[in-house]
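Engineer: So the sequence lines, in the order shown, correspond to chains R and X. Per the numbering used here, residue 1 is the first one in the first sequence, and the count goes up by one each step. Per the numbering used here, residue 1001 is the first one in the second sequence, and the count goes up by one each step.
Hint data in this document are derived by calculation from the structure and do not stem from the laboratory.
Below are the BS3-like pairs computed for lysine-lysine, each with C-alpha atoms no more than 25 Å apart in a straight line:
1) R:LYS386 / X:LYS1223
2) R:LYS66 / X:LYS1292
3) R:LYS271 / X:LYS1292
4) R:LYS271 / X:LYS1271
As the structure is a computational prediction, the values presented were derived from the model and not from experiment.
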Amino acid sequence: MTRKSCDVISHRLKITLAALCAAFFGQTVQADTLPISDAHLHYSHDSVELTPPERVIEIMREANLKLALVSSSDDKGTQLLLDLAPDLIVPGLRPYTRRGELGTWYQDQVNLDYVEDLLSKHRYATIGEFHLYGETADLEIPKRIVELASEHNLILHAHSDAEAVERLLAQDSSVKVLWAHAGFDEPEFVSTMLSKHDRLWVDLAFRGEVGSGGQLSDEWLALFEAHPDRIMLGTDTYTPERMYYIPAHAEGARVWLDTLPEDLAEKIAWKNAYDLIMPVWKKNSAMLESSATSVACNETDASTLAIDDQSTAILQPDREIEVGEAFSVKLTVCGQDMDSAEVALDATMPAHGHGMNYTPEQTVIDQNPDLVTVQFDGLRLHMPGKWQWQVTVRRDGKRVQASEEFQLN
Amino acid sequence: MSKKALGILLLFFSLQVFGEEIVFTDSEKSLLEAFTPWPIVIPADPGNEYSGLQWAEALGAQLFNDPVLSADQTISCASCHQSSKGFSDGSALPQAGAAPHVRNTQGLQNVGYQRWFGWDGGADSLWAASLRPMLSEVEMASDIEDVATKLRVTTYFTKALQQNDLEITALDDETLVVTVAKFIGAYMRTLVSGETSFDKFLASFDAPDIELQYPLSAQRGMKIFFGEGNCFVCHFGPNFSNGEFHDIGRPFFTGIGQVDPGRFTGIERLKNDPFSLAGNFNGTNNKAEILKTTSVKFGQLNFGQWRTPSLRNLEQTAPYMHDGSLQTLRDVIDYYAEIDPARLHSKGEAILKSIKWSEREREDLVKFLETLSEN
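Construct the entire structure; sequences and hints are all you get.
Structural biologist: Pasting the structure below:
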């Protein structure tokens, strides 16, 4: 599809296609071009000055990126890209206010304050890429960074040596580390690290020797085969010029990925990063949405449904429900001991003997002793008439259910 | 003349002079709003990066009519999807390939409004639906390599690609044929039927002479369709289809010891289809569209379900049902009027019940359905 194609679209189709053209203008990728998740991108202050964010997104789409993990010094570039392409950009929080802080940040309170301030304003999937080596990983500021990662459900993106990686992992048993550049270590040692730590993943950014000349060495192949689910790609746009290298990097990777079995190639190309990062981002971004429209159990105007004498459900569709149109619902169940509760939502038509033809995708976006909030995506009520919400709560080995009828016309 | 006789005479005259008056309640009018306007904006073919591009639609039209896509180059898409018959073929079951087909050829008008494609919904996009007939033994009986090889030397095709910055040599066979299917999908999306007398009636509901343009019989039929018949529940919206699947009790044996389970097969096909929206050929990767495919439920209820057909231009697409087993619209109405509850599971479509409509009611329903076709 080209700009020319977009220009000749008839008036009849203009409205429908405007968005299509906007979304796809500039893409020359073919449908079979292997998508890439690029897990190592920066769009820092000097880069923002030299390349408009719209052009950056265009470059990424030209490269057929499916996911772009971006962290920037300062954070403005990341937020600009996220606003433009929320379907593509996953934000990482880089603890640097400017370029050149990579050797000082872990001792400077300014950087920690900066991180905490950003966490109060935005949501992220990762914290990093930061630079940290050896014992410095156990200094106070890095330790606080690990605490924040745990509190905010963030993956640590560490440009570190193996010692620092192990120190970070040891600080919190829940934290996950994405090891930038695979530590610039030899593949055999990387394999040992991955075998040793099941909370460790690696990106291959700036590892030019991987697939050099279009061929993989036996050592790298052995690493990929030993850990097919733990390795991902990254361009590392550490200078403004390298933004323009994203497509060439993706294309170069496709050459050596093509020598791998299809399943393995897809995993390294995009699935591993997608599977690691997207669930985290989805949960964290949903929490932002949740906090923006948070339901306080005791002070909501939304209609409520009594589950039992201890708990109440609040159903919040994201739009007016129309026959046949997909929509989402945020379900909040308020009560006691909700931190261990599981909730389910279904919609049925009692007079018809059936319900929906789809199983909505669900994501827990908030859970604490007082409430659990779950987002259900992809609901679709395909007939007009009397429907019934069914809310099920499982807690302490008990199952309770409540229903509420509503009319859909 | 007695007063009684006078009364009868006056009643007779009033019926003759003023005619019968059909009144639609506010609630009926409100329901009917869900069936307007027509036509509505056609959604883009999901996952099809060429959907909506005029050159791709034009090229798709050429390909749709080109027998080059079939193995022996004797039939095109248009052989079975004939424009004069609402893009169906008029037969109960077509025979295009080596063996007879077990399903009736569906009309393609307004197909772009559907959510799933084919009687079983085994395709989640128009382009995936376009690909299947090319590769089906009972349809065009070709294969990827064969189609690609022929198209690489088809002048109008290679020229069109060149003019639109697509480098044919850069496309492997599979990608090339998927791209062809996307062009055909782009074309099929444009097949939209025109305004009907039903649409005109709704547009001027309260006009004083409306009954002159819209037969009273059709108005009575409309009352049944949107009333006790509950037909509108599945045949919902401006395209008269809710886009989903139902078991209305039609038999689905295709021979001794053979059944065609409809949607059950469709979902199995969908889950294993490398050309579904969840696969690598999705050209737009819209998350909500992919979710449609990945979230679809699969279960016992699907065994014997068929997609709710649109009712627009129905007169052009006889015979009816998934196997073409009902010849006329009256046959269809008779079937619903006499529906056998023993064919319907108690947990199935509980809304379906035999209503035993009178002769006049059945004719009224037929008349109403006829007004959904262009004159």
